[in-house]
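*Asks:* Single-letter residue listing:
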Amino acid sequence: MSSKPKIRELLNESGCAHSSSKKVACNAPTPGATTGGCAFEGAQISLFPYADAAHLVHGPMTCLGASWETRTTETSWQGRDFTQMGFTTDVNLNDVVFSGEKKLIESIDYIMQHYSPEAVFVYSTCVTALIGDDLDLICKQAAEKYGVPMVPVHAPGFVGGKNLGSRLGGEAVLRNLIGTKEPEKTTPFDINLIGEYNVTGDMWQYSHLLDELGIRILSTLSGDGRVADIRTAHRAKLNVIVCAKSLISLTRKLQERYGIPTISLSFYGKRDTSNGLLSIAEALGDADLIERTKELVAREEAALEEKLKPYQKVFAGKKAVLNTGGNKSWSIASALQDLGIEVVATAVKKATEADREKAREYLGENGVLMMNPGAEQAKLIDERGADLLLAGGRSLYTAIKKRIAFADVNQEKKKSYGGYNGLLALAEDLKNSLENPVFKLVSRRAPWEK
Amino acid sequence: MGEVRHKSNKPLQVNPIKLSQPMGATLAFLGIDSCMPLMHGGMGCTSFTKVFFTRHFCEPVAIQTSAVTDAIAVLDGGDYSIVESVKNITKKVNPSLIGLHTTGLPETKGDDVRGVAEKVEFPLVYVNTPDYEGGFESGWALTCKAIIEQLVEPSSSIDAKKIVILPHVSLQPIEVEKIKQTCESFGFSVYALPDLSTSLDGHLGEKQAALSSGGISVAEIKQLGDATLVLTVGDSMEKCAAVLQEKNPAMRHQHFSHLSGLEASDGLIELLLAESGIELPQSNIVRWRKRLQDAMLDSHFSLGQTRFLVAGEPDQLAGICQSLYEAGGRVAVAIATVDSPQLEKIRAAKVLVGDLEDAEKLAAEYDVIVGNFHCEALAQQLHKGLVTRGFPNWEQVGNALKNDLLYEGGAYFLFECANVAEEWRTHKASSDQCQS
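Those protein sequence lines, which keep their order, are chains A and B.
Be aware that the first sequence starts at 5, since it is given in this note's numbering, and climbs by one per residue.
Be aware that the second sequence starts at 97, since it is given in this note's numbering, and climbs by one per residue.
Just so you know, the hints here were simulated from the structure itself, not pulled from any lab data.
Keep in mind that the hints are not guaranteed to be accurate.
Said to hold, decoys possible - Here are the simulated lysine-lysine pairs, DSS-like style, with alpha carbons at most 25 angstroms apart:
{"hint": "1", "chain 1": "B", "residue 1": "LYS106", "chain 2": "A", "residue 2": "LYS354"}
{"hint": "2", "chain 1": "A", "residue 1": "LYS144", "chain 2": "B", "residue 2": "LYS106"}
{"hint": "3", "chain 1": "A", "residue 1": "LYS185", "chain 2": "A", "residue 2": "LYS241"}
Because the structure is a prediction, the values reported are computed rather than measured.
Make a model of the complete structure from these sequences and hints.
*Replies:* Here it is in structure tokens:
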């Protein structure tokens, strides 16, 4: 039987709150009016962080050529870091006409002979899916030949967006890896971290705290992950989804098959980090653990408060407008509030119903939820007297025109804002933005302008 | 000129520097004012491309996708997705031109892009650029050719003061500007196609990335047919000139493989002196030539004892290697993204089509790398010096303003390479000392 997952089934995820209302994300894209990545990119995001596995992209040059070494997913893997390497069959016209299977087989051989990774993930793409190369068979034969897992990932770009691709990545892991190995030992506090990719080391901002509490990260999908660990994921006591709704299908199936319960949380900002740690402890249900977690949270919060003190003056009375999407519409808002900044508006155009509710909850009645941020943000900056605009790069000009400070919300791609310490990094960056004279100076009238 | 390997001997690419044809096409369309590049394929190709250029130029980048899905891929011949895309784009913005270019997906299923394009009642240029053929350079060149074929009006008159420049894909915006200005200083009116020098040069303006924010206008493109001379820069562009000459057989063509280093720069100035009848270039050009001569001498001692690896597009390699060669730099290995007739002319001991894994294997043969951002990890791992050049460069700012060509850019380039080489030697000396 083909290992290709049923797309329809994945799209109708019963675990999705919005699946009954038929809204948002999972619909077909509109030609000429679409932004966002494809299913292949989603699968790549969710699986590439396995640094001990080679990731072989079976397709033409755009798929990998423009996408390797784009994300700083950090790893403690001591061997060669495959997350920062690119492998692709770079199919050509000849392959398209006569099949790319031979090239794929030879490429897997090449990788095994030169790099001997712990596993190989083989990604189909639009072109190789269309010409019908048989990834399943090739992977099966290669796995027998080399005795390491060969995982076909069926997420060609044309099946849908990034979100669906992440699900398909999760599906490939579920079908081919999870449950194929027993852990050397188990503890009552074994968890799986799902959807944490350790971008810029986000996971390491809180993993030492879990460690201190005696909560063991049995496996991750896939930040600082190991193939050998995810194979044992079925023995965990709890699945923790970190900020990624896309992998909800995977965790639902893990619950059905192995009885592992799931909680969903975020480690962004002080409140969320504390809540996150506490909800893990509560879900594991050990009274002593809960007590110890409460103590740890109190200690960490106090330490953070102390370190944030020098910033209090800088942020007192400051107002911010936030223009981003998805769960960031409230998670960044929450972090800003933790710093003592008033969030007067946040964009919810690209957020789900649940995200909007949460944003309303955090911003309160007076906060504005912007449905059309491009047009609204400039006006709101004036009306509310905002001091700071946090948005993507293309809103920079709005801030300059209004002569207020600007912070690129995508900075977190270079630097971690996660956990307690991440809030300090955010505080420092925002302080630097607010103190930077550039936003007022750069729009000076030119000498020849009247 | 040494040994040349035109084809990789591996079944796959490991740590590729090769970029795809549709991405070259996108960039070409971004050199036209108020253009909307429309990539026909799955939405991921477009998303990757947008992010890629946004990070390289630190600028918003306009591009749209026909967002072909699996069902559409089977049922549609391109009619639905393309027509629908144009409809949806023009609902929101009013581009001067839509630049339709394909990817591997629609080409595999055999969409009749030309047929559909002819049905669209909106200014549109189409070009076939599957990503399973060619590369970045050919995508840009094919697009330039298509723009000329489909937009330039035939002409029988000649404007003796008008020059058209057709630059290759690896020239950064400021480099295109420098070529234009040099020609202008001889009294010519100069048009570059594509022209990134006024679109992706990184200027502060009210940009929302809705459309490309500068470049040559569609009206100017239509009128290119009366130029007296077309200058192609880079072997990938040579054929485009013939297409332009078909619009006006009286137009003459001059080709430059590159404009890097003293010899090539002299070549351009000689031509411009002859064409304009002027006897002496403007004083700053004369001055910069003297500075380049001095730079060559100042840097020759360092460069003469340094072995280089240069990685990039063929036309880019030709220029960089010549610059280094003239001041004694020893280019041990040049790694090209794709095959090109240009490879035979590259000043390097060894020229090969390959990837950064090949570079890694040849580590013993060079000291300093000239290549894109992906070479950074390699340089660190192998303890080599690095001069970052080419697409992409995501870690540094100011890429659009890096000028390596003609007298002025050449001088700066040699200084930078010599300084990196000296820094590398100092580091090496101190780490050798630690080890002994």
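*Asks:* Check the structure against each numbered hint from earlier and tell me which ones fail, lowest number first.
*Replies:* 1
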